[in-house]
Amino acid sequence: MMRLSLPPKTRTSRAHRGEWRVVLVAVSAAVLAVGLSAVGRAEDSGNSAFSVQDLHAKIQYCTYCHQPMGQGYLGATPIPRLAGQQPEYFKNQLEAFIDRRRVNFYMFKVAHSLSPEMLTALANHFKDLNPPPLGGAPEQLVGAGKRIFEQGVPDAKIPPCSTCHGPEAKGKGQFPRLAGQLYPYIVKALTNWDQERGQGGTAKPDTSAIMRPIAHGLTESQIKAVAGYLSTLG
Amino acid sequence: MKLLEATLAILAIVSCSIPSWAGDPRISYAAKFADRNCSWCHGPSLQGFSTAPRLAGQTSQYIENQLYRFRDHRRDNPLSKLYMWGAAANHLSLGTARNLAVYLSTLSAQPADDGHRWLAARGRAIYRDGIPEANIPSCVACHGPIAEGAAAEGAGQIPRLGGLSYYYLKRRLEQWGDGYDATAARPMPGIAGKLSVNEVEALASYLSFVR
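Note that the protein sequences, when read in sequence, are chains A and B.
The working numbering puts the first residue of the first sequence at 19, with every later residue one more than the last.
The working numbering puts the first residue of the second sequence at 7, with every later residue one more than the last.
None of these hints come from the bench; they were simulated from the model.
Derived list of chain B stretches under chain A, where covered just means 3 residues or more per stretch with a C-beta under 8 Å from a C-beta of chain A:
(1) 135 to 147
(2) 193 to 202
Beta-carbon label-pair distances, calculated as ranges:
(3) B:Ser34 to A:Gln213: 43 to 51 Å
(4) A:Glu157 to B:Tyr35: 29 to 37 Å
(5) A:Ser239 to B:Ser45: 45 to 53 Å
(6) B:Val203 to A:Pro156: 43 to 51 Å
(7) A:His130 to B:Gln116: 34 to 42 Å
(8) A:Gly153 to B:Tyr89: 35 to 43 Å
(9) A:Gly235 to B:Gly49: 53 to 61 Å
(10) A:Val70 to B:Lys200: 12 to 20 Å
(11) A:Asn210 to B:Arg134: 18 to 26 Å
(12) B:Asp78 to A:Asn142: 35 to 43 Å
(13) B:Thr102 to A:Lys222: 55 to 63 Å
(14) B:Asn204 to A:His130: 20 to 28 Å
(15) B:Ser45 to A:Glu157: 40 to 48 Å
We put the beta carbon where it would ideally sit given N, CA and C, even for glycine.
Make a model of the complete structure from these sequences and hints.
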């Protein structure tokens, strides 16, 4: 299980650091819990093998919308970047669609067509892709967004995003990569956090709980700023 | 006095019905252009006629892009070749194409309503959910909940499909399967060929009723 610590460069007051330590302990506990339940699930799953052709057909299926290099696409709705995503997060989210922990009109049916083995293979396929970010975010936001990402918003008790998502926003384990993610997708995710994620209630808790207070604490302009910054990262 | 009131009332009604672009000479030129050129095939109010698809209310980016694709012979469907290659090459400057596209996108659109009613429910299911077990993605992710296309800035040139004619939609999907218009924006050429005849007819039917 991964250990979490604040990066040494983070500029914060002692008082805030103390509060964040509590948050981080909670985060570690949540990750551990989810990790253990994932192990339980893996043992349950059968061995439905698939051919190379099946895998290629599924990759093509994903990339019809998410694009050949997984760079994401602006359709009627923003279709997120999958390239470089952390496999553990990738799998957890696909399982979240099936469990209805995460509500998504399109992905619920898609997730049902994937066996656990196929899911692992797809997660590994997309993690190795590295296309340039799609771009298109308002450029004037990038500076403010970088500050929020690296320093948080101490007055609003928002920790630096880099604490969990890494200094380059590449993510780790359960913590998703955010670098290069589509601007409107991040804005939508943070704005609608409670409508889309953590829908399993106390019966099916998940890591989305970690982000809930942070998503709530960010103002609309802060959300746009941080989304703008992340969308530029390669 | 009564005359004045009546005049004011008429003026109020007329001014309400004048669209916001009415004062723009580029757009009024585009309106005349459409009337003199496009309406021969696409119908007097550009709602589509016979084999020519409805242009009214189509997303402007899509129309503009297709005009360039006709001009450059990239959209090579048989009827495109026959009618649109010449039309787009002979009469359109870049500015005209853009203004024409903007003008057409502002026109209100009537649904064709010419599909098979009994296939509409199946078509709606494919449109909304795709066919995951056959690796067919849902149409709605790109074309939108009411098949309105995507006209937002930065979005792809995604056409409005709702209310287009059943025959146009069916032909278009079938011809992708036959290898025509292979340079169209992905994923359409790849997906359309995977749809069965029934699925194509169901989708085209459903969409023809969407308003």
